Amino acid sequence: MRSVIGIDLGSTTTKAVMLDEQGETLGFGITNSRSNYEVACAVARIEARTAARFGMLERALAQDGNARVWLGPLRDAFRLELFMVDLADLRHTIEGHLAASQRPDRKTLDAAAAHVLDVIAAGAADGFLGGAARRSDFFRDIAGAGFVAEAEALARSGRVAFEPLVALYDRAILDVETRLRPRDTRALLDRALDRIRAMPGAAGAADTLAWAVAHVTRQPIEEVAVVGTGYGRQTLPFPKAAVRSEILCHGRGAHRVFPDTRTVLDIGGQDTKAIQVDGRGVVTSFQMNDRCAAGCGRYLGYIADELGLGLHELGPLALGAKKAIKVNSTCTVFAGAELRERLSLGQRREDILAGLHRAIMLRAMSLLARSGGVRNELTFTGGVCKNPMATRILRELVDENYGADITLNVHPDSIYMGALGAALFSLDDLAAGTVPELPSFVTSHGTEVAS
Amino acid sequence: MNDPAAAVLERARALVEDRKLSTVTRWKESHPGALAIGHMPVYVPRPLLEAIGCMPVALFGGGDAIDIIRGDSYFQSYICHIPRSTVELALLGDLSPIDGVLFPSICDVIRNLGGMWRMLFPEKYATYVDLPQSFEPDIGGAFYVLEMRRIARELAERGARPLDPARLGEAILRENERRAAIAELDALRREASWRCRASEAYLLVRAGGVLETREHTALIHEFLACARRRSGRPVDNVRVVLVGSFCEQPPLELVRALEKSGCEIIDDDFQLGMRMIDGPIEIAEGEDPLVALSRAYLEKGRDTASRYIGDLVKGAGLVRRVRESQADGVLFAAASFCDPALLDQPMLEAALTKAGVPHTSFKFSENMGQFSVIREQAGAFSDAVKLWGAEGAAP
Amino acid sequence: MTEHADAGARDQSQLTQKRMLAEHFDALAHAKERGRKIVYTFVPGNVTELLGALDLLPVLPEINALQSGMRGRSVGYIAEAEKAGHSKDVCTYVKCDVGMLRSGNIGPTGQRLPEPDLLLLSYTGCFTFMKWFEILKQEYDCPVVMLHVPYQTEGTITPEMRAYVVSQLERNVIPALEKVAGRKLDMDELARRLDLSARAEEDLVRVWESARHRPSPIDGYFGGVYYVGPIFSSFRGTEEAVRYYRELRAEVDERVRQKKGPMTPDGEVPEEKYRLVVEGPPNWTSFHDFWRMFSKEGATVVSSTYTRVGGLYDTGFRHDARRPLESLADYCLGCYTNLGLPARLDLLERYVKTYEADGFLVNSVKSCNSFSVGQLLMLRKLEERTGVPGGFIESDLVDPRYFGKANIENRVQSFLQMLETRRRLGPGAPLPERKEARRSLPVLDERGLP
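Residue numbers (my numbering), protein chains in the order written: chain A, 24 to 474; chain B, 12 to 406; chain C, 267 to 716.
One chain only, chain A, in its complex shape (with noise of 0.2 Å):
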């Protein structure tokens, strides 16, 4: 199958689109960013092939809805796996490091690693497994949250400093982040298929996925073109000619999801984007906030920090507000000390938050009005779109200026906006014949075999 590839590279996710000759969607990837940027491309891409395969799978499955129900948990296996893969990377790393180092607590940290790297692997199936929502799909998350957590409890035992230990996982996930692995997808479904067998009640659809399995991993899938757009466009592991501005692709990536839509109105985690398309997805003009994070999604990890929350926490919290606090400074600098005397002056944490929430959304409002205003639908992507309390504020706001009227755009896989757009213009080099040169991380071999 022929496609072409979208990348987006985020300051703090990578995201892929895979589109077909027809432009139709076969998958989506993302991955954390990382100091090296090819491979936070690379993964992103073989994220998006995986999520293709699985999308092949779900098709092969069509008329087998016994088998197809296992789908789900197929998947979780795959993942289940695939932190193995790279548990067994970390490990081998911190072995490495130690292994070179000359410190005297050499030998009790090797053996207090080791028993933490046991205690997360044990626990692993229980967390892919059991049906819980992760908060995170990216190595580094779940695998450093369960360091610290086991790494905590080993010093509360007092055998073992924290900090030095804590120091091997830091130092480590970095190696072992910009190192590129190959994947064997085909060996890992093999090894997800066996999990699944192992069910109680899968037995009957076992052999079934395992043709599918089979069937779909002999399909070749070609990228025959790339274009590659993103916050570290400077630096792009991309030809000249198959970057686009970031600002084009989400504009032209929010227009294909919602036709209708004329105004984009994109909150990442670095800047704020106001974007006025028009009926074909072209940009016709475009706001950006200046140098200054302020009412970024930045200045919300400021807030969620400081609060000692996850960022994902914060909407939800701020939901519960009675009223919305009055906030005026949506400065990043005194973030912190305006939270902190807000609370000390005993005013409601949600209410506080719903206020920051509206300092925030005021800000795009103003960079929305900047742009040519709102016209007839209003798409909201970008990493803060998916915060309800930013999303709801946005919606009044709305109402309020510009009418109840105004259709309001959120689609859970926002964040894909600009990956989207990307592969849109790569398609369009394809008809026009100008494909540029491939990038070399999708032109060399062995990122992703599927054997």
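Source of the hints: derived by calculation from the structure; they are not laboratory data. Bear in mind that the values here come from a model prediction, so they are computed numbers and not experimental data. Honestly, I wouldn't trust all of these hints.
Stated by the list, open to error - Here are the simulated lysine-lysine pairs, DSBU-like style, with alpha carbons at most 35 Å apart: (1) C:Lys349 <-> B:Lys365; (2) B:Lys271 <-> B:Lys397; (3) C:Lys647 <-> A:Lys349; (4) B:Lys325 <-> B:Lys374; (5) C:Lys349 <-> B:Lys325; (6) C:Lys403 <-> B:Lys325.
Assemble chains B and C onto chain A, guided by the hints.
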């Protein structure tokens, strides 16, 4: 323990908070066809407007009362706050009773805001008032007279009365009465600050922005009468002069926070326009009142950041004010991104340091909501001055 | 023509300018020992012919500041000024100058700049100028003379404005200059210099107008800041300036004949892909990086407003020996930042249309409120009037902390790609009616996700 001044202060507060300008609407209803002319701080010749039958309306921005959306869409993040809220108010329709706005030469922000006004509200009158920076009567003075004539002419074309020297003379007399009332208020603050605190004077003077001169004078007189009946004792606070070259106004809560910190603000330049002319505007025998108005600005205009220092010495006027009011120190409160105040400040600070006057500084914006840092800073300043005098509070 | 010969053709006028500036700074460095008197003044509204006629040497602090920015010195100077109590919020030219002063006042050529004998405060189009010389007045023991140039609110010069400026020139400025110079102004010498000014101005306007050609032989912004060097600084009204502009015009004419695009530090722009009009000053600390963002994409600036801050000549004004003081007044009054916003908008519209621009771009600098306040409205209005797309970027004059390279490059590239896409696909269907923002009562009910 009823405060005899409570009612009059409440009226002043209502006038200050009346952002939809209902007073102005009522005035226009009782003066059919007359124009209400808004003006930005710091100084415009209000008697000129009254003389041609217009209601001068001081515009001091939106304070912390409104959400800014469209206002922000027109201004970069490094611009001060008052133009944002002023545009927001206008776009909200709150300024609809205003038929035109004068933009005096405070700084480039307010100057350009005048140009934006012409583009945003082409149906309304808007002009820049180029106050002279040359203080020779037949150069700067002559130019200023022509500038005022131009404004009077342009407003007359829009329905104001033609400029008449006799009426202008009367308006100047009324302005002098107001000036005298404000001077009395200032004296009361200096001599018995427990009878009139800065936050109260703030309301009383600012309320005049939406009143006819005579009414404003009456309001201040009424307060003065009440205030003298107030019981109370001197408080052991540090006496400070507050300097901000204020165009953008600080939130009233900020003024109160300073008072609570132990700083008695006995002099300030909040609504400097109302006190810009030091003393009465004197019309010489046979003099055109317009020339007298111009001359008063040249000769008796108080030095502030938006006015060229000329041959005077920067900071000398401030040091004199500190001495005359027996202040212990100076607080600088500049609006964030306010070019006039912030560019002036190092020069004033140098002059104070040289004269041995303690001082400290902070920034504000009209919509700020948190004052604890400033309160702490002012409190520390007041403690240091009390304990060690000028040396202890050296910056 | 060979590459070598071509580079030579470009270099001639540049070399000339370089030599002129070197001589000027050398004269400044030796001014005191040679008994020459120094007047500090500003670029907009500079009355260089008057200074020249009295053999006074001008020092222009803005030029020093921008040179410090280009030489990487401004960071330290600004830090020095902020340490001395100057606010983070205010103009970085002023802080750069104050910092330079406190660090020994070493000029762009590495020589020490002489102290002023007079500060001529040409208060034209910029409020900060007034504060700047108030600050310098505290540093130097020398007189200050104010030249208050009224603002052109309506975009027209009234007789009252002109009379005000002329009377200040006659009664304040000229006597102050004469006192410093120790001699009377020779009106014939002034007239001679005004004639020379007009001749140079004529050639400069021809250079600006050459951008009507396709490709444009000049870059009217990044290249333009070099072209205005002599006429904005100390050379207006001199034979050298006349020669420089004659030479420059000949070079540009030759490029037109050869259908060549502008020269950049990286060589010639191979293909003119975009024609832009730019509003606002450039950033100086990353000037070449900034320029390269455009030149490498084939974007040429066909006209700019920054290059009109020291004099607006392409709407017809010339210095005029027959009405010396009146024309000096008109010159001061006509500087770009002294024009009201509606007049600035008219000028931008004229540039977009005359030079057939594909887009226009605002570089909004933090330091300069005179330029910046209102640019977002101008942007919107200009789009409405011309149908040409506008772009908006933010930076600063000489404070590198406000030059976010990635952010700016992102905006520039997005803007150029937007022009490219629109050009490829055509203008597209008209957009639906723009909804003006309006407000109803706030929604108070608790609502969930849309």
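Verification of the hints:
| no. | hint | in the structure |
| --- | --- | --- |
| 1 | C:Lys349 <-> B:Lys365 | holds (18 Å) |
| 2 | B:Lys271 <-> B:Lys397 | holds (15 Å) |
| 3 | C:Lys647 <-> A:Lys349 | holds (33 Å) |
| 4 | B:Lys325 <-> B:Lys374 | holds (21 Å) |
| 5 | C:Lys349 <-> B:Lys325 | holds (21 Å) |
| 6 | C:Lys403 <-> B:Lys325 | holds (10 Å) |
Taken one by one, the earlier hints all hold for this structure without exception.
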